[in-house]
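Asks: Using the sequences provided together with the hints, build the complete structure.
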Amino acid sequence: MNTACGAQAFNCIPVHLSEIPVLSLALFREHVVRRVAENGRLVSLFGSPCGSGVRLYAVLGTADSGGFTVLAADPGDRYPALTPDCAQASWFEREIAEQWGIRPDGHPWLKPLRFHRSWRAGHDAWGRGPGEPIEPSVTEFYRVEGEEVHEVAVGPVHAGIIEPGHFRFQCHGENVMHLEISLGYQHRGIERRLTGEPSPRIMHYLEALAGDTSIGHGLAYCQGMEALTRTPVSFRAEEIRGIALELERLANHAGDLGALSGDVGYLPTASFCGRLRGDLLNITALACGNRFGRGWLRPGGVAWDLTPDLLGQMLDRLDRTSRDLNGALELLFNSPSVMARFEETGALTPALCQELGLVGVAARACNVGRDVRFEHPAGIYRFVSIPLTTWPTGDVFARAQVRRGEIRQSTHFIRQRLEELSEGSACTAPARRPVADSLVISLVEGWRGEICHAIITGADGRIARYKVVDPSFHNWMGLALALRGQQISDFPLCNKSFNLSYCGFDL
Amino acid sequence: MIGALLARLSQGYRTLKYPEETPPLSGRYRGLPQLDGTRCPADCTVCSGACPTGAITRSEGKTRLDLGTCLFCGQCAAACPEHALTFSREHRMAVRQRDGLVLDGAGPFPHAAALEPGLRRLLGRSLRLREVSAGGCNACEADTNVLSTISYDLARFGIQFVASPRHADGLLVTGPVTRNMETALMKTYEAIPEPKVVIAAGACAISGGMFSGHDEVVRGVGELLPVDLFVPGCPPHPLTILDGLLRLIGRVR
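Chains as they are written, first to last, in this note's numbering: chain Y, 2 to 508; chain E, 988 to 1240.
No wet-lab data here; the hints were simulated from the structure.
We put the beta carbon where it would ideally sit given N, CA and C, even for glycine.
Hints are all accurate, no fakes.
Label-pair distances were calculated between CB atoms; the ranges are: (1) Thr1073/E x His413/Y: 37 to 43 Å; (2) Val150/Y x Ala991/E: 39 to 45 Å; (3) Ser1075/E x Thr308/Y: 16 to 22 Å; (4) Ala1066/E x Ser426/Y: 19 to 25 Å; (5) Asn335/Y x Gly999/E: 19 to 25 Å; (6) Ala991/E x Thr308/Y: 38 to 44 Å; (7) Gln1084/E x Pro109/Y: 49 to 55 Å; (8) Arg324/Y x Asp1023/E: 43 to 49 Å.
A few chain E residues facing chain Y, derived, Cβ under 8 Å: (9) Arg1001; (10) Gly1122; (11) Ser1138.
One side only, chain E facing chain Y, incomplete, derived with CB under 8 Å: (12) Gly990; (13) Ser1013; (14) Glu1118; (15) Gly1123; (16) Ala1129; (17) Asp1130; (18) Thr1131; (19) Phe1148; (20) Pro1163; (21) Thr1165; (22) Ala1171; (23) Phe1198.
Replies: What follows is the structure, given as structure tokens:
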């Protein structure tokens, strides 16, 4: 691909802003649309303050190279929307409109995503005044009308102990014709507080961005800052971070398979996995004192090294837990009544997966080999590869199978690292200031999928823009479309098979 | 069927004997902080400077640590040159009064007392709670959810999380209460029949935690509702939540 059309970037390698071509809007639009159509993918699309205006950056993943292409354009206060020709841009453009008050003209469904005020006073994409109240989900919803068509509204408060979100189903009898998902209830305003003078809370913000992905988002931040400050990280620290990330994956996958089991009323595996998930979290707690890995990582390495005694204890617990987990999963996958409920429920095709730009478990369950550890390896994954797990059917069954396969691979990886952990220091302090006027893309394959942190520094080396894309951002639309033509009673099962983050999306 | 029975046998009996026995916690677990203010040099502010949420204050020669804001990150203890601050492995930290969470190193920790006898009589041997996540990051939610698994088996104490607020005796809130969840939280509270209890679990729900000062959030549920039980932590350990609930119903004193 011609580099004149964009800067080549790689995971955790900073690019100087001057290398990123600022294209005319027409050219920018043409390149994004064409590359996404050519089996590419929109990894991120965001606005960043530039002078008195806002500059748009597009980070495009290409199918053939290990890197990305980064393009920029200056849209002014409105520009022709990409969405009509590129479905993946839809929520990104709604986000840009909401954050910066830039209107993508011709966007087919331009509504707020998170229901907050524009970050630029006096610029509102919907022309709302400063005193006008903004209430979550108080907006227009897609509606199907006709005889016997009815609407079911669920949330924000759901039946169980889960985060809030609003789901609006258009149904004909039991059948769902359309589902619209409206979020924003969890919006805590994290993203805009990651910029400027470094906040002492920054690592905590990232660890709580999606609390079940503390390691994933924490690692994306650490990697990004290390790249910007050129801080070397020891191999030992990289290995420990790998252990942390894969433990997080194990615990969540185990919990998800248990919850899927519970959602079809198969209680043995549901109860076993409930306990096992906790035991896996406790292995993380053994290493760092916190079940979610809070405080384990820090820029430069890890805050908690592993002593030989701890390594032995972790290995022992991992062996016992994985033995029980295998037993619980064997039971699940050998129960025909369970498999009958999983199969052909909430299926997505590989073509739809590609069109929506799905990531993580949901993408791999559509036979799409998308995995940061494999495509854009950083840290330990540059040296130790984890085999890719895919499944072709795109349904709940496939998403369960991918999780089961990944449990096997992650367990093997962790065991190997615990047995052969190399010597070295656990942490080096970042000595330098971040390089000025640069962009770094930091990707991590969290347990849900691709976590993307794009960090832009200003002339003083401070963070001028920090854009977080949680895998859920790409995948919520996948869930909505998986429900089409399904029975509404299968919503909990489909929802759990994606298990997306509300706060990771709401930021 | 035989497979399920064999699996059940091999998985074994896994319910903890809590509160009679406490399972061993990680040696690196950071529980109730121990504060020895006598070691603090007069003008030293190292610990308060290291705290990301302003949980530690120094005034009139006294050091105060607010567990309601504390993230238990341990940065203060690591920074303190005098070892005046350490984190113990004590997980029991729930209190009934907000100011009970402010430690100054003097006096015993005010563990939560049971609900008033009249209310306890009314509740009988059951406590049913509606949980509302109002900006919670899913860590407090996960560690509340885990109480219903076989490890903790919350139902054996007569405590249950229910779907409908109409069936609930109270509300357990996690998260700093985002502006966008304020209405839903209040409507859920109003739907619970009187009398009702409110529990704030986690630093966010108690004080806004790391999000205090953000105009997108209210500073915790206490800004909107009277709170009967405060469970500190980020997130609180499941045993910390369980201990609080058991104290509230008078099962642990």
